[in-house]
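Colleague: The listed protein sequences correspond, in order, to chains D and P. Letter 4 of the first sequence, counting from 1, is numbered -12 in the working numbering, and no numbers are missing. When you read off a place in the second sequence, starting at 1, and then add 1, the result is the number in the working numbering.
Just so you know, these hints were derived from the structure itself, not from any lab. Even for Gly, the Cβ is constructed at its ideal location relative to N, Cα and C. Certain hints may be false.
[Unchecked claim] Far from chain P, by Cβ distances over 10 Å, these chain D residues were calculated:
1. 8
2. 36
3. 48
4. 49
5. 56
[Said to hold, decoys possible] Pairs of lysine-lysine, DSS-like flavour, derived with a Cα cap of 30 Å:
6. 58(P) / 18(P)
7. 0(D) / 57(D)
8. 18(P) / 57(D)
9. 57(D) / -13(D)
10. -13(D) / 58(P)
11. 86(D) / 57(D)
12. 58(P) / 57(D)
13. 54(D) / 0(D)
14. 86(D) / 0(D)
15. 54(D) / -13(D)
16. 54(D) / 19(P)
17. 19(P) / 86(D)
18. 19(P) / 58(P)
19. 54(D) / 86(D)
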Amino acid sequence: AQKITQTQPGMFVQEKEAVTLDCTYDTSDPSYGLFWYKQPSSGEMIFLIYQGSYDQQNATEGRYSLNFQKARKSANLVISASQLGDSAMYFCAMRERDSSYKLIFGSGTRLLVRP
Amino acid sequence: EADIYQTPRYLVIGTGKKITLECSQTMGHDKMYWYQQDPGMELHLIHYSYGVNSTEKGDLSSESTVSRIRTEHFPLTLESARPSHTSQYLCATGQNTEAFFGQGTRLTVV
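Based on the sequences and whatever the hints tell you, model everything.
Modeller: Okay, structure coming up:
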């Protein structure tokens, strides 16, 4: 069974608008962490934001925020005020305590910001 | 600023050669990971370690092997490279709320 699901292979957003990238996960471990990464065409993986399963508040980091809905097992990334430089692949990932902290990824969403 | 280093950045090598991809970190993180990724595709976990002398296979079967003799070092070895091993290999480290990646090694086996 897929542990991390990103259902949007590609997304478009107009510059300066907000965009939401979807991520759902599957786990029975009460202790887990959720990560989002950006991968530009250069291939490097850039860490964006982290949400712990016990965190009461949604994580925020500059223009990035994570819409964490624990009961629905979703951890959507919201990018506000999109910029042309936001065009990239975005990956959601999960790390579970009970699987020796294995870090596994979804299939990614390619975001294209239009001028 | 993440202190994780992968060498080489690019490698072109002939079939049958033995290669070792290096990954080092100076953050003292216990957890380290190796991923294989084709361009624009998802990351496949091939090996991980949660501390010194611990190594585990990931979800994608791989002919490579790893070792973790020191906290800061997690090399990946291919005993006999084949064209099917052509890919990008990404190393990552993690601790608590962080997980950072190196720049990656783009391997081409001809």
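Colleague: It remains to establish, for every hint, whether it holds in the given structure.
Modeller: Hints, one by one, checked against the model:
1. Separation of residue 8(D) from chain P is adequate, the least Cβ-Cβ distance of about 15 Å exceeding the 10 Å criterion.
2. Distance check for residue 36(D) against chain P: the nearest CB is about 7 Å away, which does not clear 10 Å, and the non-interface claim fails.
3. Against the 10 Å criterion, residue 48(D) stays outside the reach of chain P, whose nearest CB is about 14 Å from its own CB.
4. With a least beta-carbon separation of about 16 Å from chain P, residue 49(D) lies farther than 10 Å from that chain, consistent with its non-interface assignment.
5. Chain P leaves residue 56(D) outside its interface by the beta-carbon criterion, the shortest separation being 22 Å against a cut-off of 10 Å.
6. A distance of roughly 23 Å separates the Cα atoms of residue 58(P) and residue 18(P); the hinted pair therefore holds under the 30 Å criterion.
7. The straight-line distance between the Cα atoms of residue 0(D) and residue 57(D) is roughly 29 Å, inside the 30 Å bound, and the hint therefore holds.
8. This hinted pair does not check out: residue 18(P) and residue 57(D) have alpha carbons roughly 45 Å apart, beyond 30 Å.
9. With a CA separation close to 11 Å, the supplied pair residue 57(D) and residue -13(D) stays within the 30 Å bound.
10. Restraint check for residue -13(D) and residue 58(P): satisfied, since their Cα atoms lie roughly 17 Å apart, inside the 30 Å limit.
11. Restraint check: the Cα-Cα separation between residue 86(D) and residue 57(D) comes to about 18 Å, which is no more than 30 Å; the hinted pair holds.
12. Of the pairs offered as hints, the one joining residue 58(P) and residue 57(D) holds, with about 26 Å between alpha carbons and a cut-off of 30 Å not exceeded.
13. Only pairs whose Cα atoms come within 30 Å are accepted, and residue 54(D) paired with residue 0(D) is accepted, the gap being roughly 29 Å.
14. Our distance criterion of 30 Å between C-alpha atoms is broken by residue 86(D) and residue 0(D), whose separation comes to about 36 Å.
15. For the hint pairing residue 54(D) with residue -13(D), the CA-to-CA distance comes to about 15 Å; that is within 30 Å, so the pair holds.
16. Between residue 54(D) and residue 19(P), the direct Cα distance comes to roughly 46 Å. Violation of the 30 Å bound is thereby established for this hinted pair.
17. The straight-line distance between the Cα atoms of residue 19(P) and residue 86(D) is roughly 27 Å, inside the 30 Å bound, and the hint therefore holds.
18. A distance of roughly 20 Å separates the Cα atoms of residue 19(P) and residue 58(P); the hinted pair therefore holds under the 30 Å criterion.
19. Straight-line distance between C-alpha atoms of residue 54(D) and residue 86(D) comes to about 20 Å, which keeps the hinted pair within the 30 Å bound.
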